[in-house]
Amino acid sequence: MTRLSNHVRSSVGGKVVMALSGLGLVFYVVIHMLGNLQIFEGAPTLNGYAAFLRDMPILLWIVRAGLLSLVVLHIVLAIRLTVRNRRARPVAYAARKYRQASFASRTMAVSGLLLALFILFHLLHLTAGVIDPLAIDRLDVEGHRDVYGKIVRAFQNPFIVVLYVVGQVGLGLHLNHAVTSSLQTLGLEYAAFNHLFKAAGPTVALLVVLGNIVIVLAVFLGIVHG
Amino acid sequence: MRFTLNIWRQQGPNEQGRFVTYEARDVSPGMSFLEMLDSVNQGLIASGEEPVAFEQDCREGICGSCSLVINGIPHGPDRGITTCQLYMRRFSDRAVITIEPWRARAFPIIKDLVVDRRALDRIMQAGGYVSVNTGGAVDGNVLLIGKDRAETAMDAASCIGCGACVAACKNASAMLFVAAKVSHLALLPQGKPERTRRVSVMLEAMDQEGFGSCGNQSECEAVCPKNISVRFIAMLNREYLRAGVVESGLPAEPESPHAEST
Amino acid sequence: MISLDPKIPPGPLETKWDRRRFSEKLVSPNNKRKITVIVVGAGLAGASAASTLGQLGYHVECFCFHDSPRRAHSIAAQGGINAAKNYQDDGDSVGRLFYDTIKGGDFRSREANVYRLAQVSTQIIDQCVALGIPFAREYGGQLANRSFGGVQVSRTFYCRGQTGQQLLLGAYSALCWQNERGQVTMHPRTELLDLVVVDGQARGIVARDLVTGRVSVHTAHAVVLATGGYSNVYYLSTNASGSNVTATYRAWKQGAAFANPCFTQIHPTAIPPGDAHQAKLTLMSESLRNDGRLWVPTMPMDHRCPGDIPAAERDYFLERRYPRFGNLAPRDIASRAVKAVCDEGRGVGPGGHGVYLDFGDVIDRQGFEVVRERYGNLFDMYQRITGEDAYHAPMRIYPAPHYTMGGLWVDYNLMSTIPGLFVIGEANFADHGANRLGASSLMQGLADGYFILPYTIGHYLATANLPVVGEDHQESRAAIQRVTTRVSRLLNVRGSRSAASFHRNVGELLWNHCGMSRNEEGLKAALTKIPVLREAFWREVMVPGSGETFNQELEYAGRVADYLEFAELLCHDALHRAESCGAHFREEHQTDDGEPQRNDVRFAHVAAWEYREGLSPLVHKEPLTFEFVQPTTRNYQ
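Residue numbers (the numbering used here), protein chains in the order written: chain A, -12 to 213; chain B, -6 to 255; chain C, 3 to 639.
No wet-lab data here; the hints were simulated from the structure. Treat the hints with care, as some may be off.
What the hints assert, rightly or not - Restraint ranges, calculated between C-beta atoms of paired labels, are given here:
| id | chain 1 | residue 1 | chain 2 | residue 2 | range |
| --- | --- | --- | --- | --- | --- |
| 1 | B | GLY139 | A | HIS19 | 19 to 25 Å |
| 2 | A | VAL149 | B | ASP109 | 28 to 34 Å |
| 3 | B | GLY5 | C | ASN379 | 36 to 42 Å |
| 4 | B | GLY73 | C | ASP91 | 23 to 29 Å |
| 5 | A | HIS19 | B | GLY73 | 41 to 47 Å |
| 6 | A | ALA178 | B | GLN35 | 46 to 52 Å |
| 7 | B | PRO186 | A | LEU55 | 40 to 46 Å |
| 8 | B | GLY73 | A | GLY29 | 36 to 42 Å |
| 9 | C | PRO352 | A | VAL156 | 54 to 60 Å |
| 10 | C | THR187 | A | VAL156 | 52 to 58 Å |
| 11 | B | SER241 | C | GLN154 | 53 to 59 Å |
| 12 | B | GLY5 | A | LEU111 | 34 to 40 Å |
| 13 | B | SER241 | C | ASP474 | 43 to 49 Å |
| 14 | C | GLY13 | B | LYS185 | 49 to 55 Å |
As the list claims (entries may be wrong) - SDA-like cross-link-like pairs, simulated, lysine to any residue; straight-line CA separation at most 20 Å:
| id | chain 1 | residue 1 | chain 2 | residue 2 |
| --- | --- | --- | --- | --- |
| 15 | A | LYS84 | B | PRO70 |
| 16 | B | LYS163 | A | ILE66 |
| 17 | B | LYS140 | C | GLU375 |
| 18 | B | LYS140 | C | GLN90 |
| 19 | B | LYS163 | A | ALA81 |
| 20 | A | LYS185 | B | ALA215 |
| 21 | B | LYS185 | B | LEU234 |
| 22 | A | LYS84 | B | ARG231 |
| 23 | B | LYS140 | A | ALA65 |
| 24 | B | LYS140 | C | ALA138 |
| 25 | B | LYS163 | A | LYS137 |
| 26 | C | LYS18 | C | GLU375 |
| 27 | A | LYS185 | B | ASN220 |
| 28 | B | LYS140 | C | GLU567 |
| 29 | A | LYS84 | B | ALA215 |
| 30 | B | LYS140 | C | ALA146 |
| 31 | B | LYS163 | A | MET43 |
| 32 | B | LYS140 | C | GLY142 |
| 33 | B | LYS163 | A | ALA88 |
| 34 | A | LYS84 | B | ASP71 |
| 35 | B | LYS163 | A | VAL97 |
| 36 | A | LYS84 | B | GLY128 |
| 37 | C | LYS36 | C | LEU468 |
| 38 | B | LYS140 | C | LEU468 |
| 39 | A | LYS84 | B | SER85 |
| 40 | B | LYS163 | A | ALA79 |
We put the beta carbon where it would ideally sit given N, CA and C, even for glycine.
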């Protein structure tokens, strides 16, 4: 086992754990988006889905704990690798030109930080309900928590909408590089599929961002309403 | 043609460095970049000043000595070549050209534009070889190696060890260098017996030398004079994952795998 | 007084090497640990020797002036490596490789050495495959071969156009293994500046650390020089700019005989020189001559574009003069033919220094794509350097100094005239005679390093009486003194001219008087001009900076100072050899149609030169006897 832990502690090992934790979080983000898209089915469906999740408290908390540990792991490793990488080039170039590194890949630390702040805000806003007094759960006609109503009320506020859109841009930027990069870190390379691996990041990023922004904008523009 | 050169001058590893501006006059478009620097140096020598130190040797793009960051790009504006293969016709007349050394903690500056790249040798010494004695090898045709596989191995093996990948990497990582060697040997049957150990010790050596980690930005590939693909980094990662799994199942390591049996 | 005993084992050619290996004394494993061998140079020969000696159990100190052994100039060899494997079943054999090499060398090499080289050639390929060198393969997985200049069988193994690189990296990886095992200690960025000879035995070297400037003595039980050739004495050559004669020249001054220095190979296919600032000539692989056709206009001073010259007004001069080999004639022959047509005023390009190498026919016959696949990288390289597109107009090529067959004299055991000083690879003289065939230098370097030296040095170490010699030995101190005196002398001239300007002068002088063709008058003129230039150097050279730091100009000036002395030796040898053989063409000795005339009666010998302080060098002769082949006129017509 000492060898395995050596492997994990190495720079590539760190990257692999980051990739795996990141992909786990991506998986959650996609499920989260798909679940929320049920808003277009109307209040009963979405609230029913929420109630369905709430009915399994043990599973819910396991997932929450898992997510939290993935996030912590991801951030701790990110900091460790970044510190190491900064140290690897103590004197910067006076002139510096990138040839093919994407904007997304060069801003992973920034987009990651933005994303972390956004997630914190999102949790405080819609999960804990401490930011906006309107964004707290009430009960709907069936006695379920009215998640639908909460979302509709929350996204009436243009400032909140702007914050969410900005947060989604951060998410998109991060995923754009992250997914493809993770596949590379996990050693997925095969001539016939390499273009698929390359396309995976931008595709996932686009779908997630579009799916999430559509909800926010649909509410704000009154397409989805109470 | 004439150019204004901003060149990094640094007396020694622990001295403070700075940019000094020189004028390169009477440059002909058919001169190579290094010949242009030669002519600047001839002027400096004539006036008793110390010429700009830079590395070069074969001047045909294979020895991997030359190592200049030109206007922010290792080996300059053209792809797939080394600095020595860059010609002045590539620049417009009266251009301002900034010339810096490779910058990385693992590559301390020796003087001016010359850096110490022995870290790459130490990575190779850790395990970048097939441990086979001289003599007694079986006939070369006993090992049949498909053309495609041999060609892919050759793609990786064409690395010249210049270190441009490190210079270009935001994290000063040597992953492409290590990947080229590990993939070259992992692709061939000769390299199979030691593949597990090789990838582990080479990456460990890379970390110890103070190189950064891979950010998968592919800048390395974009400046590699031999166009070595980042797919070999994926291959390296795969080898490393495999090694992690395989090694965790091995019995405790003997003192040294290469200790002489007495 | 130098004695030239080649120590060739008697008896049949085929078993000489086997018998020598059996009769050699061995060093016991316990004693090997106590023995230190210095290897200077870490190219193909040096790295393969150092790694093999390390593997055998010796302690090896390996020196190179590069930052890493992987940068030695062996890396630039493009074409391939010969071996008598006969994988193509086209009639090749050890005997044929032996004969081709002897004949290619114009019967100026030792039969026994060349036969041994052909014998071990097959082992080299096996060894290199075992090291993981990615040789080109056929679809079925077998090793691929191609044919190469001057022979009629396909026996050349290759890795694209980077064979030298791959072979060197293979030897370097073997060296890395021995570094890791602690058997070989590397000293990169360290340059040999003198040899320590104690009681007539080579016991160490004086080296300068190129980073700190520290000059120190390293002692050992034997010294191996693998320091390459001296083509750079011509200033413009295809060699890397660092390649130099200093190590072998310093050894010569300490008593090692220098053999056949005038055998310098001029490679026919280099990109012609451009402007005055040019620092090197770039070689285009000889493989281009497999498909390209060399021609010049029939009329002198024909300045039309090549495309406007009709076929009837083109002279395909190699095909005309050598119909059997055509464009694949050996290097010396092709180079001289190029020079001949240029001298007639029919050369093309700037200064008339060039001939066309035309791919038009093969493009018409086999298509654009086939040519791109075969030579794409070379065409790209040509375009990058000249700015011209060789797919649409023919390339221009011109000969360039490329390889030196001459070198320190060694016996069959690769030992020089100084006991304990072994010389391998291009640095020695033995195997290529007066001309080297393509793809044979890699073969020789690896043969010496992997398979020959490690055996023969053992015999010396087992039989020689080698008392302890330390850094404070009187000879060590004297050697250090010689070096430091010279370094400070270079630094203290403080003149106004750069070392490069003198290098260019001596190079031009040699190229004009001792280049592709030589004559008595020109050589005598060179011999009077060189000392004048040398005196000017020591009066006017400017070496900025100090000796205690990284100082590239100081390194270079030291090498140029040696060229300025060595050039004289080169001319003495060229003057002595009043015959035309191989790469050495004396204008006085040619047939009516311009073919070289060898003189076996007077010159079937190795000319080995002895250094004499304050006097001109003294020639000793090792007669070459041919028991197994009959020297014939080398006819490629």
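Hint check results:
no., hint, in the structure
1, B:GLY139 <-> A:HIS19: 19 to 25 Å, "violated (47 Å)"
2, A:VAL149 <-> B:ASP109: 28 to 34 Å, "violated (52 Å)"
3, B:GLY5 <-> C:ASN379: 36 to 42 Å, "holds (39 Å)"
4, B:GLY73 <-> C:ASP91: 23 to 29 Å, "violated (38 Å)"
5, A:HIS19 <-> B:GLY73: 41 to 47 Å, "holds (44 Å)"
6, A:ALA178 <-> B:GLN35: 46 to 52 Å, "holds (49 Å)"
7, B:PRO186 <-> A:LEU55: 40 to 46 Å, "holds (44 Å)"
8, B:GLY73 <-> A:GLY29: 36 to 42 Å, "violated (58 Å)"
9, C:PRO352 <-> A:VAL156: 54 to 60 Å, "holds (59 Å)"
10, C:THR187 <-> A:VAL156: 52 to 58 Å, "holds (57 Å)"
11, B:SER241 <-> C:GLN154: 53 to 59 Å, "holds (57 Å)"
12, B:GLY5 <-> A:LEU111: 34 to 40 Å, "violated (55 Å)"
13, B:SER241 <-> C:ASP474: 43 to 49 Å, "violated (54 Å)"
14, C:GLY13 <-> B:LYS185: 49 to 55 Å, "violated (44 Å)"
15, A:LYS84 <-> B:PRO70, "holds (10 Å)"
16, B:LYS163 <-> A:ILE66, "holds (16 Å)"
17, B:LYS140 <-> C:GLU375, "holds (15 Å)"
18, B:LYS140 <-> C:GLN90, "holds (17 Å)"
19, B:LYS163 <-> A:ALA81, "holds (14 Å)"
20, A:LYS185 <-> B:ALA215, "holds (16 Å)"
21, B:LYS185 <-> B:LEU234, "holds (15 Å)"
22, A:LYS84 <-> B:ARG231, "violated (30 Å)"
23, B:LYS140 <-> A:ALA65, "violated (41 Å)"
24, B:LYS140 <-> C:ALA138, "holds (7 Å)"
25, B:LYS163 <-> A:LYS137, "violated (44 Å)"
26, C:LYS18 <-> C:GLU375, "violated (44 Å)"
27, A:LYS185 <-> B:ASN220, "holds (18 Å)"
28, B:LYS140 <-> C:GLU567, "violated (50 Å)"
29, A:LYS84 <-> B:ALA215, "holds (11 Å)"
30, B:LYS140 <-> C:ALA146, "holds (10 Å)"
31, B:LYS163 <-> A:MET43, "violated (46 Å)"
32, B:LYS140 <-> C:GLY142, "holds (7 Å)"
33, B:LYS163 <-> A:ALA88, "holds (9 Å)"
34, A:LYS84 <-> B:ASP71, "holds (13 Å)"
35, B:LYS163 <-> A:VAL97, "holds (15 Å)"
36, A:LYS84 <-> B:GLY128, "violated (49 Å)"
37, C:LYS36 <-> C:LEU468, "holds (12 Å)"
38, B:LYS140 <-> C:LEU468, "violated (52 Å)"
39, A:LYS84 <-> B:SER85, "holds (18 Å)"
40, B:LYS163 <-> A:ALA79, "holds (10 Å)"
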